[in-house]
Each structure stands twice: as structure tokens, then as C-alpha cells.
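> Here is how the chains run, residue by residue.
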Amino acid sequence: MSILVNRDTRLLVQGITGREGEFHSTAMLEYGTNIVAGVTPGKGGQSALDGRVPVYDTVVDAVRETGANASCIFVPAAAAPDAMLEAAAAGMSLVICITEGIPALDMLRVYHVLKTEGVRLIGPNCPGLTSVGEAKVGIIPGTIHRPGPVGLVSRSGTLTYEVVQAMTDAGLGQTTCVGIGGDPIVGTSFTDVLDLLNRDSATEAIVMIGEIGGEEEERAAEFCAREVRKPMAAFIAGRTAPPGRRMGHAGAIISGGAGTAESKRKALEAAGIRVADSPSQIPQLLRDAGVG
Amino acid sequence: MKLQEYRSKEILARHDVPLLAGETATTPDQARAAAERIGGPVVVKAQVLVGGRGKAGGVKLAATPDEAAARAGEIIGLDIKGVTVKTVLVAPAADIAKEFYLGLILDRSAKAITIIASAEGGVEIEETARTNPEAILRLPLHPLIGLQAHDVRRVSFFLGIPAELRKDFAAVLTGLSRAFIEADADLAEINPLVITEDGRLLALDAKIVLDDSALPRHPDLEAMRDLNEEEPSETAAREAGINFIKLDGSIGCMVNGAGLAMTTMDLVKLAGGEPANFLDIGGGAKADRVLAAFRIILDDPNVQAILVNIFGGITRGDEVARGIVEARAGLEREVPMVVRIVGTNAEEAAEILRQASLITATSLDDAAAKAVAAAQGVGA
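Chains as they are written, first to last, in this note's numbering: chain C, 1 to 292; chain H, 293 to 672.
Derived by calculation from the structure, the hints in this document are not laboratory data.
Since the model is a prediction, treat every value here as computed from it, not as a measurement.
Misleading hints may appear alongside valid ones.
[To be verified] Example chain H residues on the side facing chain C (calculated, C-beta under 7 Å, incomplete): (1) 399; (2) 403; (3) 436; (4) 449; (5) 450; (6) 505; (7) 535; (8) 549; (9) 561; (10) 562; (11) 572.
Virtual Cβ for every residue (Gly too), placed ideally from N, Cα, C.
Chain C with its partners taken away, still in its complex shape:
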């Protein structure tokens, strides 16, 4: 079992013939993800990934011909908002946007349109997600996973890999690992993913990786206190970050004294969630909670 993507996912890649799109689509295909189509306007009728995937001009064409039901977006920031709207208009139920650097006001419109149309959006500015052994969508290295009982949700990219690798090295495998993205406006929140992992029967424990900025971790902590009875462990990046400075991610900024690592840590601990000082402590915290 898993959440969001699985063996039945019929994936479309928007921007499949671009440098990033082609590189990561190859890795997804090698992992076993069922990529049924690619879209690059003007390259319809060609094929990508050594002839293994047909390319269409529009998402509508790709859906009609292949029955694609999820889209992964690698197009540049200036075109990504339109790509998300195109995926939604063509009837996709799940859109994963890897692209970083999308203006926030563009995202605001896209967020509300996709929400109104009932489309699940992951990202933007995210590494994607992996349902271990079933499907990998995005740029998370497939080699760091092993199958097992732990679900993970994170705002980061490489920090997620760090934690997943630490769990895999310690013999703790994963169900689904989701990177929700580091931008101020993202389609899917910590709480959304925690709710899905909480309902997933294969997921026995949950790891949450947050960082400074915003209040999503605090909200997630409230949700966990109320709803989640599965063992949890967490890590919050940015304890040493100075206020008022954007730490790489557009969303990672401490402003007006809000969004600090300390306030997030306190909120999580108040919800009974153990918070690690270092990513390497996550496996032990899970073991202490009786996992694995």
C-alpha cells in the first residue's frame, strides 16, 4: 500500500524533451514508473527516452491517446503556471510540479483554480514523491529507498534524501515519501499528507521534516495531536537561521518573530512528537517508539 501514486499511476511528463525532464524521466522509467506519455508543444508525433514514450503537442491529446491520469511538470518557471492549468483543464487528477522559481502571485491563481476543479497539486519547487517499489515521480533518487512501514513528508529536497538514506541504512523502510515543496504557496500541505499517511494501512509510523518559515508545521502539530495515533518523529531545519533573511527557499524566512525553528519544535513536542537534533537521530527515535 501507499498514497498518491502506485502501480496504477499512468504518468504524463510535461517538458519530457527538456534536459531535466529527459534525465529524470529516464530515472523514473528505470525505477518502474509507468510513464505513458510526454508533452512538448511542437514535438507531437515524436518519441522520447529512446523511443519508449510517445510525445504529444497538448495534454488533451496525451490523455485521449494514453489515458494518462497524473502529470509531472519539468517546464521552466515562466511556463509552469500555464502547464499546471493545462493539466487541470485536460482532466488530470494529480499534478506534481518540480519547477522552482514560480512567482507567488501566479501560484496563488493556479492554487485556487486547481483546488476548485478538485485536482491534487504537489509542489511546486518540490522533489516529487516515491511510493517505494511501485512508482517514483520527480527527482528523488530511487536508490535511497527500501520498502517498509514508514511514511515521510518534507518541505525540502536533499534534506529529505538525507533522512531517507539514514532510515534505509538503519533498516527502516518506507511506504511513500512526499516532498511538498519549499515555496510560500504549495498545493499540498503537511496536514494533507499526514492525513493520507494516517489513513494508509501500510504506514505504521510517520516522519515529518520541516523548516523555518510560515505556520504549516504548527498547524500540522495540531492535526497530529487530534488525529494521529501512529508513532512519529520530526526534524526542523534552520535553528541557526537569522531572522528576516530568506534561506534559499522562498518559504524559509523568519519574519516578525514567527516561523522560528523553536516555535515549531515546541508545537511538535506539545503534540507528543519526538523532534531530532540531527537527521541521523530519526531512526533511533522511531525505534524508541517501537517501530521496526
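Guided by the hints, dock chain H onto chain C, whose structure is given.
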């Protein structure tokens, strides 16, 4: 990117927000000439992006042009929280009868542009939020339609704007909202918005913070960047496409990914050291960018050791290692370097690093501890 007050006012003026624009000056003579043109009493205001300029003596009244020159002479060159004042704004002074706060922010929780308004203007809105939260109205705008007439009425009545000024207030709020959207702002605020003794509604101070991700489509706004208030190393990093923030410690950090970069800093601190910077080199860790990153880190004389933490993932670790060794050969200053590379071909990577006599580490905790020890000159 934060804009200076006079730049923010330029943008608001384009959208018909009534304000007393004034003129900028970089010398006392220029300030005198500006005051002469304005006529009457003026206020001389330091143009700095850091808060608290009033308390630091960066805002002064002047009754005559000579006084304006004298006040400008006092303010220019003043150190306000580490920033040396280079420019002042000379603006007509106003007799204030009533002050308000009016701002728009990108509200990530509400997923909307939200109006923040308070009849307690002139002070920090965060302070009001703490001491008197009922005095603040937070009103999210419709995400697809934007500001509507009923929003304007609601804010206007909340603030108690007198009937004869309601039309003017509508112009202020509409202009502020248009400016926010057209400039792709994160924040646009007027503080204070005032009613003068002679019954005019005016924006006395303004602050706009732009969304960095939208700057590529606003070259005119990018040109408003104030390099005087940016660390030269941060300017160099931005031009090289590297996310870099200078800090005060002795351990330089070079990491791929923002979350991992913050974590690396946190672990340096946990190991008893102080990070000298935040640095996210981005995906792939390409050789030319690695070299640029090393140069930027070593430009800081406080740096006693460098910690490189690259989670290669799909990227080949041995290629990253070769890039690091190559880049290091081209550096002018040598400090101990602790390198951790995780990912494909990590063992080959470690061998390449050892042959180049770099300190290697497998875990991040170990890497942080070794970097702290190296910076202190032990175990290196």
C-alpha cells in the same frame, strides 16, 4: 527584495496614491537645494532598509533649507545597525492629526493577498498585533477577483475614515492593491497613512518588498536594488546563481539544497562551532559553480575551515569530488577542508578526496565535528 522608501513611493505614486514624494539627496548641498524647491519645513529621512531608523537618529525635522543641509550632514554617514547612510529623502513635513497602518501581504496561510489595517498607525504592526490584536483588521482578498468595493468599504469603516475622505481612501487602497499586483510584491505597506490638520489623506512612509521569483519579469524593479545595503559577497553570489547569506562564524559551508544547507549550519552549531554562512550551490554541483562558491566563502577572513556537504543523489559523486579538487587548486587561500559526498560512486569520491589530502567524512554529524575541530586547529 526590499525597496527603499523613496522607491516604494515612486511605485505608489504611479498608481495615484496621494503622498508627499520629496527628493533624494546624497550631500548637504543637495538637501538644501531640495528643501528650497519644496519650500517650508521639511523632514530629512535616512534611506536604509533596516528598521528603527527613527530611534537611531535617522529622521529629523528642518524648518529652513540651511537646517535641512545641517540635518542631512548629520544623517549622511550615520551608522544604523551596521549600514552607513548614503542617501536621504527630503520631503515636505506634514501636520498630523491622525495616523493609520495600511498594508497588503501575501498571506501563505490564507492563500490570499490579505489587507492588514489598523487605526494605530506609526508604530510597528507586530507590536500592535502583540499588545492589541483587536485593533487590527485582517481581510483576505478574493484570490481570483482581487479587491472589491465592499472590501474597501469594510476597511474604511473599520478605520473610521471620515465621510469626506472615503473617496480618497478608496483611491489609496485601490492604488496600493494595483501596485502590489503589478510589482509582484510580497508586502506593500503605508505606515503611517495620515490625515493632516488641513484634512488631507497622505501616505507619509511606504515600504514594498518584492517577490524575488518574479524579478526576472521586472527589469525596471531589479534596477532599484540597493547594492549599498548588500554584502559584496552576497552580490557576487547572486550573480553566480548561488544562494548565499553571510553570517558571523568561522566555518564556511557549501551544500546542495536549502534545507540541507540549513541543517548543516545547525549541526555545526550543535558540534560547538559557528557557521560563517548559508550557501546552497543548487543542483548538480557543477565545477565552475563550486569554484565560485569557494571564492565567495574564502573572501570572508573569519573563515578558518570549510565544510562541503553534497548529497549527490543521482549526480555522480566522483565527478563532484574531481570538481572540488580542481577548484581547490585554483584558490588563493588555503584552509582545512572537510568534504562529505553521498550518492552514486561515493567510495570513489572519497578516494579522490583523500589523495588530494582533504578530510573526508561519511556522516553529516561526523563532518560537522571534523570541521569544528579543523577550524580550532586540532585534529586537522
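> Where does the structure disagree with the numbered hints, that is, which hint numbers, in rising order?
1, 4, 5
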